[in-house]
Amino acid sequence: MIVELGHYALVLAFALSLLQSLLPLWGVIRSDETLLAVAPVTAVGQFLLVAGSYAALTWAYLASDFSVVNVFENSHSEKPLVYKISGVWGNHEGSMLLWILTLALFGALVAVFARNMPRDLRAAVLAVQAWVSAAFVLFVLLTSNPFARLIQAPIEGRDLNPILQDPGLAIHPPLLYVGYVGFSITFSFAAGALIIGRIDAMWARFVRPWILLAWIFLTLGIAMGSYWAYYTLGWGGFWFWDPVENASLMPWLAGTALLHTIIVMEKRDALKVWTIFLSILAFSLSLLGTFLVRSGVLTSVHAFASDPQRGIFILAILVFFIGGSLFLFALQAPKLKPGGLFAPISRESALVVNNLLLTTCCATVLVGTLYPLALESITGAKISVGPPFFNLTFVPLFIPIIVAMPFGQLLAWKRGDFLGAAQRLTVAVAAGAIAALVFFAMQGGPVLAAIMAGAAIYLITGSFVDIVGRLVRRSSGLHNVLVRALGMPRSAWGAAIAHAGVGVTIFGLAATGWGVERIASFKVGQTLQAGPYTITLDKISPRQGPNYREMVAYMTVRKGGAIVSKLEPSRRFFTAQRMTTSQAGLATFSFGHVHVVISQQDKNGAVSTRIYWKPYVSLIWLGAVFMAVGGGLSLSDRRMRIVGGRRRRLAGADTEPSATPVTGSAS
Amino acid sequence: MRRLLLVAICLIISMQPVLSVQPDELLADQALESRARSISAGLRCLVCQNQSIDDSDAPLARDLRIIVRERLKAGDSDKEVLDFVVARYGKFILLKPPFDAQTIMLWLLPVTILLVAAVVIIFRTRRRRVRADGDNYLSDDEQAQLSKILTKK
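Chains as they are written, first to last, in the numbering used here: chain A, 1 to 667; chain B, 1 to 153.
Since the hints were made in silico from the structure, they are not lab data. Worth double-checking, as some hints may not be accurate.
As the list claims (entries may be wrong) - List time: in silico DSS-like cross-link candidates among lysine-lysine, alpha-carbon distance up to 27 angstroms:
hint, chain 1, residue 1, chain 2, residue 2
1, A, LYS523, A, LYS539
2, B, LYS79, A, LYS382
3, A, LYS382, B, LYS91
4, A, LYS559, A, LYS539
5, A, LYS337, A, LYS414
6, A, LYS382, B, LYS96
7, A, LYS566, A, LYS539
8, A, LYS603, A, LYS559
9, A, LYS414, A, LYS267
Could you put together the complete structure from these sequences and hints?
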């Protein structure tokens, strides 16, 4: 019964999203306040219905109702509670429901919190969001119904794929979806603005917090996915340039570009056409990623052709939204007047360069991901585009970004002083150069690793040059510096910390060059050396888990004779799915990892073992956390506030559609 | 998550998952072994989704790793090993696609996009600056109007 109610709620949500997609737009055309007011109500209603539907599916999982196909195929009565809850999104149908829930969530958030927006703009935004919702709810209802029943309920379920039974499943997909689907709201803002025909600095101000929010979650989601792969897959890799990963990296790159260009639009009313285009692009890439991942086109062009239903549906959604928004864009963009002027050396120009490089990076990933598919469907020839391609194309594009990042922060709006900025960066350049030399002397090894580490130190130091320069002026005492530090806009701190976060990640990447790997047959009582650490295999014994059996290798890690850690890498055998997974043993020492993976025992009782010493490796993901914290600080800046504060409706926004756009600095 | 699932599929296909690069595969000669590792990092495991044979747990990948090492022991150069593998399995096995007629677009597009975009940006800002400079000068009429307004006070 509850399951049917969930299904019904989803159908109602579809109906409501249709209302939400039509009535407010009619209100915009007729300038009818009542019709405009439909938008927020239906947005909240739609969210509640989808949330109810989602809760019903979760209930089926918790109750282990195996008469539901989806539960039968992906759950097991003995599965731990956390995987019953997170197992809901561990399969296609359930994760699509989470997709829709996120879509509806963003609609509801705009409806509830974006009160100071012009009402017609908000109505248009919510209407567009409802178009997207309606399309995807229909997709789930017609092709991927998670509520379908079996006539005869089996006694036991097939269990969730063991590789997904990991805390990563509870964290990674929700983070990723909030980010990935979060760009839907920026898309809706862009399309809404194109419909209303008012695209100005004020619009940029309204949309900026949403971009930041989506970007923060996407950053964390990608990092979490990478960390999960790192500790699960067993060979210590963390990024594979896999099409599935690229599908989330592309919106991130476009979103990062958008995050920067929106500042130019807000402060200087410039780059409007480009900003709108990027808003459309970021979500288009999310849609493209969804198509690539869900249609089966990645496994093979032929797999897609043999069961095309879902793929064709998403392709139709993709074509409709990208085509429709670009059509609107083509109609409206030429009418936009160019905004604030700027000199070739200025903050604006620096951000243009940022966008040029980031979008080229994005295009490179796009080409690398789609090229094999295109080539195969046109000529039938099969090629692989793997990590070596991306390392040769993406990395060189990213180097100028690293060099330019601190410069951008130091250049003034309108007209900047390049030599002055370079002068102020001497400290950072020196720090980077010294660091490169020191690391080369300390670690030896690849020259490239030392150079990259130096570049990372340059970037981290350079990120704070501006703030420190503003804090420490003349002969001010410590007290004054602290007062100024607190008075500094949070977005200034946010930018510095996020930029430094990129540096931290790059440092972690550089340090992979100093890693040590040992592959050996390991017998009980034997000792192996990896970097500064000695690892002893104490014993091997079986252990029973909730829904698996495992063989555990107990190991002791010593440094200079003293015990510093114990490791328990294991091989797990999951009874229901008859599948073996390996659990790595991981010990952290000042940002580095000793990482041990074992394979099965041979006749002599020895286990094949891989031991890694990966210095500073955790900085790769810690850097992403810094980026997210920086984003969060910017979001909490009072200029960014979307709730409360100035409730006063903004000049002429509702009543006079022809009012002159508010231009200039909005801060 | 999806990436993990794809790897899981690979494990299921291979049925008897072993660890990638087993101790018994390693060559005694360190220099030869490190060449073998870097070659296998560039070869695709044919039963997996975008995994190199160096990373893959599949038995087929193991066979390929052993073939690579046998060729190296027989005195092949890196290029000869790659040619040998490509002759048997086709270009699909190379994770770094060769630069040829089929992939010329793939390799040149990133650079082309960067250059074209840079040229477009430079020209557009130039044009705008010229136009804007032109706008900054008032026509004689406007100048007269302006002085009239200013002297009114």
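A quick look at each hint next to the structure:
This hinted pair checks out: A:LYS523 and A:LYS539 have alpha carbons roughly 9 angstroms apart, not beyond 27 angstroms. Distance check on the hinted pair: B:LYS79 and A:LYS382 sit about 21 angstroms apart at the alpha-carbon level, within 27 angstroms; holds. Annotation: proposed proximity of A:LYS382 to B:LYS91 holds, straight-line Cα distance about 7 angstroms (limit 27 angstroms). Taking the CA atoms of A:LYS559 and A:LYS539, the gap is about 20 angstroms. The hint holds against a cut of 27 angstroms.
Distance hint between A:LYS337 and A:LYS414 is fulfilled; the C-alpha atoms sit about 18 angstroms from each other, no more than 27 angstroms. As the CA atoms of A:LYS382 and B:LYS96 are separated by approximately 13 angstroms, the hinted pair is consistent with the 27 angstroms bound. With a C-alpha separation of about 12 angstroms, the suggested pair A:LYS566 and A:LYS539 falls inside the 27 angstroms cut-off, and the hint holds. In summary, the hint linking A:LYS603 to A:LYS559 is not supported, as the alpha carbons are separated by about 31 angstroms, beyond the 27 angstroms threshold.
At roughly 11 angstroms between alpha-carbon atoms, A:LYS414 and A:LYS267 fall within 27 angstroms of each other, so this suggested pair holds.
Comparing the model with each numbered hint stated earlier shows that hint 8 is the single one that does not hold.
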